[in-house]
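Protein chains in written order, with the numbering used here: chain Y, 3 to 196; chain S, 237 to 507.
One should not assume that every hint holds.
[To be verified] DSSO-like cross-link-like pairs, simulated, lysine-lysine; straight-line CA separation at most 30 Å:
| hint | chain 1 | residue 1 | chain 2 | residue 2 |
| --- | --- | --- | --- | --- |
| 1 | S | 482 | S | 431 |
| 2 | S | 491 | Y | 55 |
| 3 | S | 331 | S | 431 |
| 4 | S | 267 | Y | 141 |
| 5 | S | 239 | Y | 120 |
| 6 | S | 238 | Y | 121 |
| 7 | S | 267 | S | 431 |
| 8 | S | 405 | S | 431 |
| 9 | S | 283 | S | 491 |
| 10 | S | 482 | Y | 98 |
| 11 | Y | 6 | Y | 141 |
| 12 | S | 401 | S | 267 |
| 13 | S | 405 | Y | 73 |
| 14 | S | 238 | Y | 120 |
| 15 | Y | 55 | Y | 146 |
| 16 | S | 491 | Y | 98 |
| 17 | S | 283 | S | 239 |
| 18 | Y | 168 | S | 239 |
| 19 | Y | 73 | Y | 120 |
| 20 | Y | 146 | Y | 73 |
| 21 | Y | 121 | Y | 168 |
| 22 | Y | 168 | Y | 6 |
| 23 | S | 405 | S | 331 |
| 24 | Y | 98 | Y | 146 |
| 25 | Y | 168 | S | 238 |
| 26 | S | 239 | S | 401 |
| 27 | S | 261 | Y | 121 |
| 28 | S | 261 | Y | 98 |
| 29 | S | 405 | S | 491 |
| 30 | Y | 168 | Y | 98 |
| 31 | S | 267 | Y | 98 |
| 32 | S | 239 | Y | 55 |
| 33 | S | 331 | S | 239 |
| 34 | S | 261 | Y | 141 |
| 35 | S | 261 | Y | 55 |
| 36 | Y | 55 | S | 267 |
| 37 | Y | 55 | Y | 141 |
| 38 | S | 401 | S | 238 |
Derived from the structure by calculation, the hints contain no laboratory data.
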Amino acid sequence: MSWKQQLQRHDIQIGIGDPLLPAFVTGQIFGHGRPDYYEQLPAVNWFGDDSYKWRACTPAISISYKYRLTKWFWLGATLSYTCFLENRYDRVTNVKTSSERDHIISIMPSVRFSWLNKKYVTLYSGLSLGYAVDIIQYKSQTEKYSTAEHGVGFQLTAVGVHVGRKWYGFTEIGIGMQGFIQAGFGCNFNSKKK
Amino acid sequence: MKKYIIIIIAIALVCVGCYREQRSKLTQRGKEIHDSWLMYSQEMIEKTIVPVFQMDAWIGGNDSIRRIIEDNYFPYLRVREEATNEFAFYDGAQKILTVNTNGYALADNGASWLVSINNARTYESDYGQIPMFLAYPSQWRLFISKTGNQQWNISLDTTRSMGSKCDWKLSLPANDTIVYFSQQEFSLAGNGTFKYAGDVYLRYHIDETLQHQGKQYPWNRGVVSMIARFIDPETNEIPTDDIHVKAEYTGDGIKITYRNITETWEFEKRH
Numbered sequence: 003m004s005w006k007q008q009l010q011r012h013d014i015q016i017g018i019g020d021p022l023l024p025a026f027v028t029g030q031i032f033g034h035g036r037p038d039y040y041e042q043l044p045a046v047n048w049f050g051d052d053s054y055k056w057r058a059c060t061p062a063i064s065i066s067y068k069y070r071l072t073k074w075f076w077l078g079a080t081l082s083y084t085c086f087l088e089n090r091y092d093r094v095t096n097v098k099t100s101s102e103r104d105h106i107i108s109i110m111p112s113v114r115f116s117w118l119n120k121k122y123v124t125l126y127s128g129l130s131l132g133y134a135v136d137i138i139q140y141k142s143q144t145e146k147y148s149t150a151e152h153g154v155g156f157q158l159t160a161v162g163v164h165v166g167r168k169w170y171g172f173t174e175i176g177i178g179m180q181g182f183i184q185a186g187f188g189c190n191f192n193s194k195k196k
Numbered sequence: 237m238k239k240y241i242i243i244i245i246a247i248a249l250v251c252v253g254c255y256r257e258q259r260s261k262l263t264q265r266g267k268e269i270h271d272s273w274l275m276y277s278q279e280m281i282e283k284t285i286v287p288v289f290q291m292d293a294w295i296g297g298n299d300s301i302r303r304i305i306e307d308n309y310f311p312y313l314r315v316r317e318e319a320t321n322e323f324a325f326y327d328g329a330q331k332i333l334t335v336n337t338n339g340y341a342l343a344d345n346g347a348s349w350l351v352s353i354n355n356a357r358t359y360e361s362d363y364g365q366i367p368m369f370l371a372y373p374s375q376w377r378l379f380i381s382k383t384g385n386q387q388w389n390i391s392l393d394t395t396r397s398m399g400s401k402c403d404w405k406l407s408l409p410a411n412d413t414i415v416y417f418s419q420q421e422f423s424l425a426g427n428g429t430f431k432y433a434g435d436v437y438l439r440y441h442i443d444e445t446l447q448h449q450g451k452q453y454p455w456n457r458g459v460v461s462m463i464a465r466f467i468d469p470e471t472n473e474i475p476t477d478d479i480h481v482k483a484e485y486t487g488d489g490i491k492i493t494y495r496n497i498t499e500t501w502e503f504e505k506r507h
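My request is simple: use the sequences and hints to build the entire structure.
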């Protein structure tokens, strides 16, 4: 029996991972590099917002589709999304003074190499490389703007494992927009033949 | 399948981050402004005025007294006579302060000294050394003149201080030896302005005379009002409201009034 009869060819999966890399790339952690000259002058900062911060982030949420071209080689695409939120509140009045939303969206063509293909277990590695955009929405009492920064999105999957048959769960370890560790579930299926 | 969904929900919860910064005290910004004022005024007293008084004692002493003063008060500095009525402090080869006396000791009526600060105080940044003040301390010159019994007027040479001003009245209790200046009682009144890099002006007025007692740090009693103003260097306009801060020293702490809120901050205990 050939692999075409044994193994499903279409694969859709939904996963969530840590948002560390998007956080690093967009400066949510470890800052935005060198600060502005005036930001370094402590006295000028007295005239900025006298506020404190509330920050939150979503996990890296991704959805992907892949098509098995050969027994071990898959081709597809991945869409991933992460959001960072930051609200500032006046220290004295506790009134919200500003809010910022960073939506990081990546659309990446993907390849996967499944190097162990058993009935219930698949082990694989993969690479996604494509476009990423960081849409920044800022609103304060005096200004409101939306801007976008464009760049390269990627995900390098060192090892991934699927467990299940039609419906399966998966875990991946790698680096990229989808996280260092990612987990989720997916569905394998074949297209109906007439 | 149920298991996977539970695991995914658990991971999602782990990956959702939430962080709330501590709100801390409401007058924190006012305290920062006060601390900055305190640092620079202390800097002027400890690094400029006190050494000048010690130099005065050194000039008036014989060799053995000079050695005692050097060993006790500035073991790492040396005084050199540069010219008639001109003395300088040296830290190694670097000149720290130059003092032009007018031939009088500071305790004498008619004393009027000119103090030039020779080394610029800077801090390290990504852009290299940035001066604390836009007016480089090296461009500062202080006048110290005796105005009464144990009383001196201290003012900045406004032609060189580029926006910073100072009009202080310093008083020492009667019969105190001024060489112990930093460890004894003294009081300070007056007003002034510190100009910071970035065109920020901190104008201050000592509403109630500041009292220094022994090693009590920084001030034991007194009230000082401060107004911070930012002037945009490009447009020369004032784009933000002035910030008003009032500081009242209570002996073991300080009451800071900022945005109509008064809070007490306790001093760290000194050992």
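Evaluated hints:
1. S:482 x S:431: holds, 18 Å
2. S:491 x Y:55: holds, 26 Å
3. S:331 x S:431: Cα-Cα ~24 Å, so holds.
4. S:267 x Y:141: holds, 29 Å
5. S:239 x Y:120: Given pair residue 239 of chain S, residue 120 of chain Y holds - Cα atoms ~21 Å apart, limit 30 Å.
6. S:238 x Y:121: Holds. Residue 238 of chain S to residue 121 of chain Y sits at ~21 Å (cutoff 30 Å).
7. S:267 x S:431: holds, 18 Å
8. S:405 x S:431: Distance ~20 Å between residue 405 of chain S and residue 431 of chain S Cα, so the pair holds.
9. S:283 x S:491: Roughly 26 Å separates the two Cα atoms, so the pair holds.
10. S:482 x Y:98: Holds, at roughly 26 Å.
11. Y:6 x Y:141: violated, 54 Å
12. S:401 x S:267: It holds: about 22 Å lies between the C-alpha atoms, which stays within 30 Å.
13. S:405 x Y:73: violated, 90 Å
14. S:238 x Y:120: holds, 22 Å
15. Y:55 x Y:146: holds, 18 Å
16. S:491 x Y:98: Holds, at roughly 27 Å.
17. S:283 x S:239: violated, 70 Å
18. Y:168 x S:239: Holds: residue 168 of chain Y and residue 239 of chain S sit about 16 Å apart, inside 30 Å.
19. Y:73 x Y:120: holds, 11 Å
20. Y:146 x Y:73: violated, 52 Å
21. Y:121 x Y:168: holds, 10 Å
22. Y:168 x Y:6: Given that 30 Å is the threshold and the Cα spacing comes to 15 Å, the pair holds.
23. S:405 x S:331: holds, 27 Å
24. Y:98 x Y:146: Judged against 30 Å, a Cα distance of about 14 Å means the pair holds.
25. Y:168 x S:238: This hinted pair holds, its Cα atoms lying about 15 Å apart.
26. S:239 x S:401: The hint is violated at about 72 Å.
27. S:261 x Y:121: Outside the cut-off at roughly 62 Å; violated.
28. S:261 x Y:98: holds, 17 Å
29. S:405 x S:491: With Cα atoms ~23 Å apart, residue 405 of chain S and residue 491 of chain S stay inside 30 Å; holds.
30. Y:168 x Y:98: Since the Cα atoms of residue 168 of chain Y and residue 98 of chain Y sit roughly 48 Å apart, the hinted pair is violated (cutoff 30 Å).
31. S:267 x Y:98: holds, 22 Å
32. S:239 x Y:55: violated, 36 Å
33. S:331 x S:239: Roughly 75 Å separates the two Cα atoms, so the pair is violated.
34. S:261 x Y:141: This hinted pair holds, its Cα atoms lying about 26 Å apart.
35. S:261 x Y:55: holds, 14 Å
36. Y:55 x S:267: holds, 19 Å
37. Y:55 x Y:141: holds, 14 Å
38. S:401 x S:238: violated, 74 Å
Hints 11, 13, 17, 20, 26, 27, 30, 32, 33, 38, counting from the list given before, are not met by this structure.
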